[in-house]
Amino acid sequence: MTSDDATRPDEPDTSFVPDETAITPPHPLELALRSGLRYSALRDVALDPRLLLYVALELCERETVLPISVGDDVLEIATARPDPDLGIVEARFPELEIELVLAPIERISELQDELKAAL
Amino acid sequence: MAIGGGGEPVDDATFYRRLARHAGLEFVILDEEAEADLGFAEVNPLAARLLTEELCRHFNMLPIAYRDSVVTVAACDPFDELAIELATTLMASEVELVLAEPDDVDHAITRTFGPLRPPNFEDLGPAPSEAPRLGDLLVAGGVATDEQIDAALREQRRDGLRLGEVLLHSGAIGEPDLIAALAEQLQMPVLDLRDGQIDADVVKRIPEPIARELRIAPIAEDETTLYVAVADVLSTGQLEQLEAHTDSEIVASLAAPSLIDEILEAAYSGEHIDLAINDLRERLPESSAAVVVTPGQKAFLVGIGLATAIGFVLAPRATAVVLVGLASLFYLSTSFYKFRLVYKALGHPYEVQTSDAEVDALDERGLPVYSILVPLYKEAGVVPALVAAIEGLSYPKAQLDVLLLCEEDDEETMHAIDAMALPPHFRLIVVPDSQPKTKPKACNYGLMLARGEVTVIFDAEDRPDADQLKKVILAFSKSKPNVTCVQAKLNYYNPDQNLLTRWFTTEYSMWFELLLPGLDADGAPIPLGGTSNHFITSRLRELGAWDPYNVTEDADLGIRLHRAGYRTAMVDSTTLEEANSDLGNWIRQRSRWIKGYLQTYLVHMRNPPQLLRQSGFKGFMSFQLLVGGTFIFLLNPIFWLLTTLFFFTHAGFIQAMFPTFVFYLAASMLFVGNFVFLYLNVAGSIQRGLFGLAKYALLTPLYWGLMSVAAWKGAGQLVVKPFYWEKTEHGLHTSGHAEPAAPQPRRAAAPAPVQAEGRASDPERTPQPAGRS
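As they're listed, the protein sequences go chains A and B. Numbering follows the working numbering, in which position 1 of the first sequence is assigned residue number 1; successive positions increment by one, without gaps. Numbering follows the working numbering, in which position 284 of the second sequence is assigned residue number 1284; successive positions increment by one, without gaps.
Treat the hints with care, as some may be off.
Interface residues of chain B toward chain A, partial, derived using beta-carbon atoms under 8 Å [stated by the list, open to error]: (1) 1009; (2) 1015; (3) 1018; (4) 1019; (5) 1022; (6) 1023; (7) 1077; (8) 1079.
Pulled from the structure, derived: some chain B residues nowhere near chain A, Cβ distances all over 12 Å [as the list claims (entries may be wrong)]: (9) 1099; (10) 1154; (11) 1254; (12) 1278; (13) 1367; (14) 1617; (15) 1651; (16) 1703.
Hint data in this document are derived by calculation from the structure and do not stem from the laboratory. The beta carbon of each residue, even a glycine, is placed where N, CA and C say it ideally should be.
Use the sequences and the hints to build the structure in full.
This is the structure:
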């Protein structure tokens, strides 16, 4: 098929579809800088399975997040991207401030596996 | 701020107190030694037992208080939806959640139920010697009296059933009372889910036959556990099998058997109705009347029609002579065959004899569960009499499984049934609205839910003999192994209502007293009557049950049963029915019967060589002359017209249609045929002892006229509305006539409405036994 018969003049040319796997995702640090969130490599995190009562493991896996600490008013959640869907956490704990921390996706997954093993 | 809190995790007390505050819940301390602390909550031991130990331990939660229909449950996870839903459902109460430390909850559970033991399902219930007796519990609860318990214990010794079942089915106690007492006795939670929504996929985790056999229904599941409603405690073996099958731990709760039935019915109704309509059509398409005429039959009929038309064009006289000759031959053959059947019937003991002594000697502890299917449609008025008739049956009530089959759009009948608050051996089954809306479809639907080893159909207006079920059990035990159906005799309670009911009665007498014995003696297939036929349930299912597209599904089933190598036996027990007394009503009913016979003939003649092979020559010829004999009612008006025309006009073309040899054949038909049919009607009435009706039998030629009207209506409907069910109205006998007799005590004389003259009447079923009348 040529580009002539693939598109009409008023249509965008969709014949070129980039290979998404070939694109390197931005580094979380870079994302943190862009989004204004904090960054952590999660090297010295003390895992606490009880935190899954705040963010269920299924949600952690789906959104690639991990609750890493809770204080009197703040729940700290590591995330691989700046915009995870944590609506259910916000709804369940309306008085609690959620603080996102960007972290490498591989490290979050690794810690999730450790948590699962600890359960 | 350091990531991850920057230090060691906080202790449980702090963590869970904080979690409770974040979730907007109260935090409680359950430790009895901390009674003085702020937030201490005392565990109410009665409330704590509202949930089972297994559930409490599994979800680490414990009911701690009960106030104003609200149960306070201490838990560690504020958002475990499954745990909250189960607690709400199982306790049938609103749940107020409070948070506590896990160790605190765990210790409180141990204080309530004792230390954690290794799983042993045999130990789930208290030892029998320690368990309070059910009778004591019922008396203590004011549900039953000592006298009722004593009477039930006597009954229990006779029929071997469980005390609770005896009390329940006798109406002494209600289902909720029994379940509450059992829950107390077995220390099990009770489930009430009548208004709950249960996921059908969860219900189907256990295959339906197993669920029905064990009377259980899965209601919820999580990653490791399947929560099951049970009507009774499951044995260790049953639990192990279920756990192996579902690969889940089984946690059981008690529930009313009727609730379990409702859950299963709701989950499977779609599949059941599909099977009720399509099973026979898909499994044995050659036996289904869903296709009225096959392409081969169509080609054959068109060929015959064309040949006849061409014949009339090329040689009209010769064609007419051939047709008249063939018709006359068919008439004569039918007459002679019926005469032969009568001859064979004389002295032939066609009923399986059962004596009162044998019925008395039956050990009720060995009687099987008996399913009674009663299809109902817009028959609210007859429900009380029907229930009284079934309650009058001499059979252990707990072994009865009565299915009242109501169409979904028949709210009036359903309300009438609901209003009667029937004992639990009655089940109201709602047949989902679908086409074709026929009695056999409703019966197929009911058959899938039937629990009995033996299944019988009764019509709404039927009054079966009190001992009928026991006699049928005896009849099966005395019959050859291939006997699959036992047909009870049928009788009318209103034979002398008017001329129509008298004719109807003489016709039934001829059918049951002379022709059926003859067929039985001849080993020919017996078209069944639409009611009081008792089947071995498994074989009925194997045969594909009733054809929902055939409007005389009973007659069709009788032929299919015979072709499959099974046989039908008769039993000396009577069901009283209502003879149709209204002319329009009668025409509608009879037109359906005749349409159904035509359907049956077309279905079984799709492959004549196969029919011949399966039925044998005698069976094949019997089918042609008896079921095929229905065509006579279509031919009659033509010959009556020719005769009348010739009488008044001496028209030459009519004379030309009857050359000498055809004339003699037709004359024989006129005299022999009419004599035979009149004789059969008179003889049938006399054989039955209905001497008073014999004179009315002499007037049956007028009745044949009505039959032909119905036949042409039925034949027309076969073309335009083949599956339409002409509903027959019941209860017409009540206007100015006696109410039907109650079921007769066993040793009373045979059901015998008083005749104006002669002996008591005892009429039987029609030559076109029908379905939903």
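Please verify that the nearest CB of chain A lies beyond 12 Å from residue 1703(B)'s CB. holds (76 Å)
Classify the label on residue 1617(B) as holds or violated, using whether its beta-carbon is more than 12 Å from each beta-carbon of chain A. Consistent with the label, residue 1617(B) stays out of reach of chain A, its closest Cβ about 72 Å off (over 12 Å).
Status of the stated non-contact between residue 1367(B) and chain A (beta carbon gap over 12 Å): Non-interface label stands for residue 1367(B): nearest chain A Cβ at 54 Å, farther than 12 Å.
Status of the residue 1009(B) interface restraint (C-beta, 8 Å, chain A): holds (4 Å)
At a threshold of 8 Å, is the proposed contact between residue 1019(B) and chain A supported by beta-carbon distances? This interface hint holds because 6 Å falls under the 8 Å limit.
Restraint check, 8 Å cut-off on beta carbons, for residue 1022(B) near chain A: Holds, about 5 Å.
Taking the closest Cβ pair, is residue 1015(B) under 8 Å from chain A? Result: holds, 6 Å to nearest chain A Cβ.
According to the definition I'm using, a residue is off the interface if its beta carbon is farther than 12 Å from all beta carbons of the partner; does residue 1651(B) meet that for chain A? holds (82 Å)
Does residue 1278(B) clear chain A by more than 12 Å, comparing its Cβ with all Cβ atoms of that chain? Nearest chain A Cβ is 41 Å from residue 1278(B), so the label holds.
Can the hint on residue 1077(B) be confirmed by a CB-to-CB distance to chain A that is less than 8 Å? holds (6 Å)
Holds or violated: is the Cβ of residue 1018(B) closer than 8 Å to a Cβ in chain A? Because about 7 Å separates residue 1018(B) from the closest Cβ in chain A, which is inside the 8 Å limit, the hint holds.
Tell me if residue 1023(B) is really an interface residue toward chain A, meaning its C-beta lies closer than 8 Å to one of theirs. With a closest approach of 6 Å, the residue 1023(B) hint holds.
In the structure shown, a violation is registered for the earlier hint numbered 9 alone.
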